[in-house]
Amino acid sequence: MVDFSKVRAIDFHTHAEESCGCHADDGYDDLQSAMAKYFGAPWSHPPTIPETADHYREKNIAAVIFPVDAERETGYRRYNNYEVAEACAKEDDILIPFASIDPHKGKLGAREARDLVANYGVQGFKFHPTMQGFYPNDRMAYDLYEAIAETGKPALFHTGQTGVGSGMKGGNGMRLKYSNPMYIDDLAVDFPDMPIILAHPSFPWQEEALSVATHKPNVYIDLSGWSPKYFPEILIRYSNTLLKKKMLFGSDWPMIAPEKWLDAFDKQNFKDEVRPLILKENAMRLLGVTE
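Letter 146 of the sequence shown, counting from 1, is numbered 146 in UniProt numbering, and no numbers are missing.
Treat each hint with caution, since some may be false.
Unchecked claim - What follows is a list of derived Cβ distance ranges for each label pair: (1) 119 x 42: 22 to 30 Å; (2) 193 x 4: 20 to 28 Å; (3) 114 x 263: 24 to 32 Å; (4) 266 x 42: 27 to 35 Å; (5) 86 x 214: 33 to 41 Å; (6) 233 x 111: 41 to 49 Å; (7) 6 x 288: 23 to 31 Å; (8) 146 x 82: 20 to 28 Å; (9) 114 x 83: 16 to 24 Å; (10) 138 x 80: 19 to 27 Å; (11) 150 x 267: 26 to 34 Å; (12) 211 x 77: 19 to 27 Å.
These are computed hints drawn from the structure, not numbers from a lab.
Cβ coordinates follow ideal geometry from the N, Cα and C atoms, glycine included.
Build out the structure end to end from the sequences listed, making use of the hints.
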C-alpha cells in the first residue's frame, strides 16, 4: 500500500495504457498521436503501467490511474479493468487503481463495479462523457451509479475540453456538449453520499463547475489536463478561498508529466497554506486515508 506520509503529492488523474500500447486497427494510435502532438508530449509510444509506476516512484508522487472504457462509442478496445487492477497490484506502493465502465452496460456494468471494489482493490471510477457519448444525468447510467454509491468510492468525470480529439477531422467524432459539468449537478442531488470529482478546468464552463462544487458538498474538482500557467483567474481565486478543501492536483499523464505540472503550479498565485491541501491533503481525505 502507498505510504502517504512519505509521498510528496498525489496525482489524482493519470491514464493506464496496455503493454501493447496503441492499436492501429481501431484508430486508437491515431488519437494518441494527435493528442501527444497537441500536448507536446515527449513520447512516441504511450507508457505502460509499470513504466508509469517507475516514473512516479522516481518523483515520489502517488498516482490514481485508470483506463477509459469507450469501446461502444469509439470502437477503441478497452483496457480490461481486471487486467489494470492486477497490474496496479504489483505497483501498489505508488499506484491507486480506478476502473472505467461504459454506463450503457447497465446492470452488467453495475455487477462489474461491485466485484472490482470487493475483490480487486479498485478505489474509484472514471467516466468520460465526451468519449463514451452520454449525458452524465441520463437515467440509463443510474444502475451503475447506484452500485458505485453503495461502495462509497468516488466517481470522476471528465468535464470541458482538454484537447482529446482536437485538430482531428470532426474532432474525431467527439461531441463536447456531453461534458458540461452542470449535468453532473443532478448526480450530486440524486447521489448525495457519492463523492464526485469534476476533472479538469472545465473550459468553456468554468463557472458552472465552480458553482456545482461550491453548492454541493460531495463535489470536488481535479486540476488536470491543463498546465497551471493557463488557469483562469477565477479558478485560482476559488482554489484559494471557498474551494480550498475541494481542489485536487492532477496532471493527465502521460500527456502532461507531473513534474511539469508541479513546476508551473509553483509559479502561480496559490496561497502557501493552500498548496499542501491541493497537492496531497484533500486527496487523502477523499480516498479515506484521513478524516
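Cross-check of the supplied hints:
1. 119 x 42: 22 to 30 Å: 37 Å, violated
2. 193 x 4: 20 to 28 Å: For residue 193 and residue 4 the Cβ distance comes to about 23 Å; the hint holds.
3. 114 x 263: 24 to 32 Å: Violated, at about 40 Å.
4. 266 x 42: 27 to 35 Å: 20 Å, violated
5. 86 x 214: 33 to 41 Å: For residue 214 against residue 86, whose Cβ atoms are near 39 Å apart, the range 33 to 41 Å holds.
6. 233 x 111: 41 to 49 Å: With Cβ atoms ~45 Å apart, the hint holds.
7. 6 x 288: 23 to 31 Å: Check failed, 18 Å falls outside 23 to 31 Å.
8. 146 x 82: 20 to 28 Å: At 21 Å between Cβs, range holds.
9. 114 x 83: 16 to 24 Å: Holds - the Cβ-Cβ distance for residue 114 and residue 83, about 18 Å, lies within 16 to 24 Å.
10. 138 x 80: 19 to 27 Å: 24 Å, holds
11. 150 x 267: 26 to 34 Å: 42 Å, violated
12. 211 x 77: 19 to 27 Å: 37 Å, violated
In this structure, the earlier hints numbered 1, 3, 4, 7, 11, 12 are contradicted, and the remaining ones agree with it.
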